Amino acid sequence: FGAEWSGFMDASEVGAAGKAAAFVLGLGCRPAAESLKHWRAVQPRHASAVSARRAALKPVSMLGGKERHRDANALAALNQKVAAAAVAAALALAVTTGTGAALAYKSDPPAAVESSPTLNSLELSTINLFQKTKPSVAFVTTYQSARSKINTNIMEIPQGEGSGIVWPDRSGKNIIVTNYHVVRGASSAKILFDDQELLVAELIGADPDKDIAVLQVKPKNGTSLQPITLGSSSALQVGQSVFAIGNPFGLDHSLSSGIVSGLGREMRSPTGRPISNVIQTDAAINPGNSGGPLLDSRGRLIGMNTSIYSPSGASAGIGFAIPVDTMSQVVDELVRNGRIVRPIIGISYLESAQAQALGVKSGVLVLDVPSGSRAEKAGLRGTSRTGFNSFELGDVITSLDGEQIRKEADLFRILEQKKVDQSVTLGVLRDGDKVSVNLKLSASSSKF
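If you're matching positions, the sequence shown starts at 1279 in our numbering and goes up one per residue.
Please keep in mind that the hints were generated in silico from the structure rather than gathered at the bench.
Predicted model, so just to flag it, every value in this text is computed and none were measured.
Yeah, the Cβ is synthetic: ideal placement off N, Cα and C, and Gly gets one too.
A portion of the hints provided could be inaccurate.
Claimed, not checked - Between beta-carbon pairs, the in silico distance windows are: (1) Arg1448 - Asn1667: 51 to 61 Å; (2) Thr1396 - Ile1435: 40 to 50 Å; (3) Arg1576 - Ile1435: 38 to 48 Å; (4) Ser1554 - Arg1425: 37 to 47 Å; (5) Asn1667 - Lys1639: 13 to 23 Å; (6) Arg1684 - Gln1607: 24 to 34 Å; (7) Arg1576 - Pro1436: 31 to 41 Å; (8) Val1619 - Arg1576: 32 to 42 Å.
Could you put the whole structure together from the sequences, leaning on the hints where they help?
Following this line, the structure appears as structure tokens:
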């Protein structure tokens, strides 16, 4: 403001400066940003008045009858100091008041908002949903151990960030559920909660095939965490409102909203196996949201945000969440046993895209059959090399118990309905002939 108040002022302008100073001091009770805005709105009127009076200034008789201009420089300097001091005092008061308010809000945030003249019922509902749910959402940071190049000390280097969900567990184990890809390859993980409590997490089980990991923490003073409320994903409807809470790009406890855009989608897990019945949403999901909750309008968990479809790596309005019904089965098993056991045929296969390059248009091409396995005893044949750049294709599985198999996703979907040691019949294409193979399914334990 100094530039606006520079120049000559006559005696009447001292009064104007005083009024301006009083006006600015009066703004001290306003927030700093509002004070500046209000001051800039009225300041041009004071500048105009100064310019008009400066133009009307005339010589006067002073000191022995000699005509000279009064010493306006000294007067202007005095008025400039008065105005500057007033502005500084007002801004200091405004900033102090604003800071105090911010600190008070941070230390004592409202638990729930019941009414407000500036908020409608939908906004109040969303605010209360967030306030109720955010203590059940965790900020997950993973670390990788590495040896220092300067000395022999082992250091923990941050590897990645994600989100987590406080899972309801009757045993009181303080379970945190997140995506497997969030903790994959990490040597340790730390969990930060809404109250800024930082805890070390222990991995007690994971299912890479479903991209789910279960962590356990031990809160200080023996307190219990606030678990999320579980909903159901079986009756979801396209178009219903959903909310996502997570830590996108490290911005902890961020809320976004949208709708259910699609149901019954399929996505690939870190192991390449398909995850079925996935929820599609247009709620903003970005890196760091993985492992965070997808909620319905009542704040109940309906899915875990897992991945996005985006050419840029940021949200493009197509996000995917693992349904809560799938999560419940996997998490309960991991909490009880620390591992997931699934039925398998006991072979390795070639992915459909690669198999098509070898002329296999439909079915699952058997790549290898382990020696001594049930699959080998049943007579399944794998692919073998016969010479330079030449292969003898193995069996192509085209059906399982009468259900057609076009690609590996179909095979996994059917196997999920079976049990370990159950006898099944495979339809196989071998050297152009259709063959039936009977075998017992083996057990596979998820490794992480």
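Results for each hint:
1. The hinted window of 51 to 61 Å between Arg1448 and Asn1667 holds, with their beta carbons roughly 60 Å apart.
2. One distance hint, 40 to 50 Å for the beta-carbon pair Thr1396 and Ile1435, holds here, with the actual separation near 46 Å.
3. About 41 Å separates the C-beta atoms of Arg1576 and Ile1435, a value consistent with the hinted range of 38 to 48 Å.
4. At about 43 Å, the CB distance of Ser1554 to Arg1425 agrees with the hint of 37 to 47 Å.
5. In this structure the supplied range 13 to 23 Å holds for Asn1667 paired with Lys1639, their Cβ-Cβ distance being about 21 Å.
6. In this structure the supplied range 24 to 34 Å holds for Arg1684 paired with Gln1607, their Cβ-Cβ distance being about 26 Å.
7. Taking the beta carbon of each, Arg1576 and Pro1436 are about 36 Å apart, inside 31 to 41 Å as hinted.
8. Take Val1619 and Arg1576: their Cβ atoms lie about 35 Å apart, and the range 32 to 42 Å holds.
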